[in-house]
Amino acid sequence: MKISLDLELKDVPGQLVKALEPVSRMGGNIISVVHLREELGKGRVPVHLLFEVRDSAMLDAIIAELERRDIWVSKVGEFKKKEKITLVLVGHIVDTDIRDTIDRINEIEGVLVADLKLAMPHPEKESSALIDIEVTRPEKAKEALQRLDSVAREKDLLVIRSLRS
Amino acid sequence: MDIQIIGFGVIGQGFVEVLLRKERFLKQRYGLDLKVVSISDITGTAVEGEGIDLRRALEVMRQTRGIINYPGARKMTGVEAIEAFEADAVLEVTPSNIQTGEPGLTHMLKAMGQGKHLVTSNKGPLALRFRALSDAAKKNGVEFGFEASVGGAMPIINLAKVNLAGDEILAIEGILNGTTNFVLSRMAKEESPLEIVLKEAREMGIAEADPSYDIEGIDTAAKLVILANALMGIDATYRDVKTQGIRKVTPEAVKLAKEDGYAIKLIGEVRNSHLEVAPRLVPVDHPLNVDGILNVALLQTDVAGDITVVGKGAGAIETNSAILSDIISIALKRGLG
Ligand SMILES: NC(=O)c1ccc[n+]([C@@H]2O[C@H](COP(=O)([O-])OP(=O)(O)OC[C@H]3O[C@@H](n4cnc5c(N)ncnc54)[C@H](OP(=O)(O)O)[C@@H]3O)[C@@H](O)[C@H]2O)c1
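Chains A and B, in that order, are what the protein sequence lines are. Residue numbers for the first sequence follow the numbering used here, beginning at 1 and rising by one. Residue numbers for the second sequence follow the numbering used here, beginning at 1001 and rising by one.
Please note: incorrect hints may appear among the correct ones.
Listed next, the stretches of chain A that the computed footprint assigns to chain B, with coverage defined by at least 3 CB atoms under 8 angstroms from CB atoms of chain B [what the hints assert, rightly or not]:
1) 73-84
2) 88-101
3) 124-136
No lab work stands behind these hints, which were simulated from the structure alone. Cβ atoms here follow ideal geometry from the backbone N, Cα and C, with glycine treated the same way.
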């Protein structure tokens, strides 16, 4: 898992090494270090760390070791890459309740309709829409597409998916 | 090598033209003397044990549109010709029929049953009864060449079977129909509706009078079935393909896609034993984004990685490149002069 840590280090020399050393020694794989030179008050400076660990036990051990070394951990987060699914819908998109179509996709956790461009040549004619769906939980991508397929079948819309999705 | 031709339309006559053009080349390079001993179409059969006068046969078709008018031709069907005359191979090039596979299916099984090698561009029978046909070829100890049935001149069947013989084909995706590719390319360029572009394609002789087989994705589905069977060993038929054509694609959809860096293409895809034909968004810089009447296929393989081939998917002369290559390899393999 990819972990993002916000640390607060004492503003004295040697602190960065002191923070990084246990991460790699305990099996973490450091991806990036951003050292911000701004003061946080209390004589501390912020550092943003991105690294990979095997599991959460390894992460817990690293955090415990950092705290033992008087390095404050102000934020722990799992870093998730967003996956974007682009597709085109054709049909009576507006008349068949576009809000409902979007809501039924957004219902799925970790899935969000992030952008929609609509082209309506004529109110009576079929319209077309380009849709971007953001997926923060990759395992949900398939479910999102299946949901969209079933909504499209119900509303007689054509779904034009991207290659290999 | 003695050949019988069944079906004498665009492809059959194109074959004869290519033979005339390549006669010396075939002799010099392969020591091959290809002789057409009979030609059958719906009107009858021309037969000549010493070899049909090919120029004459073309001339007869130009003037009368029926091979029955060739000197000495008989009122005899293709099936009867296959039964009656000696030959090494049959070239089956009658119209594709995706409902019953006929008349091609009967011609093919009959030819193999008579111990004749079979070469064809007719995808109907293969899309419906691939397994039965390849079993019949094995049982009768004959060769079965169908390179021309998918992608016209674009080499794909023999490419995978010969050049990628040690690879497993994991997935296939491609544009396997030139008419729909032409239509979608034109819609993108001119921002005009499908019906208008289709009319233009008909006038240019690219689309048939009734283009529904192409537009509804049926032709692509048939070719996909052949690829799934021949290259991936999937025992699928035409009825197993989930097929969606391009009739509903609007110029606005094409434009929105284009503005976002995509082209809309009718793609046939085989993956995890699932066969599907549908319009898809293809990134403009993707190898499958080829325009006009071209066909393209991407083979995902376990050793070579991705292999892409592009070529003309139809045409009287171009398609005969594939037919000729099947015939030459049969002749070489079986030691036929
Ligand atoms: N054209 C291409 O670029 C292309 C490319 C790849 C594959 N193919 C495939 O190749 C095959 C031939 O295509 P084509 O364009 O040459 O078609 P075509 O011009 O319609 O020719 C078909 C020929 O078969 C004859 N025929 C029909 N029923 C017959 C029967 N029962 N017995 C004997 N002959 C019969 C037709 O005679 P009548 O005309 O008198 O009915 C005609 O001579 C088709 O299966 C097609 O799908 C074509």
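Hints and how they fare:
Counting residues of the stretch 73-84 of chain A whose CB lies closer than 8 angstroms to any CB of chain B gives 0, which falls below the minimum of 3, so the coverage claim is violated. Note: the stretch 88-101 of chain A has 3 residues with beta-carbon separation from chain B under 8 angstroms; the three-residue rule is met and the coverage holds. Check result for the stretch 124-136 of chain A against chain B: holds, 5 residues qualifying (beta carbon to beta carbon below 8 angstroms, three or more required).
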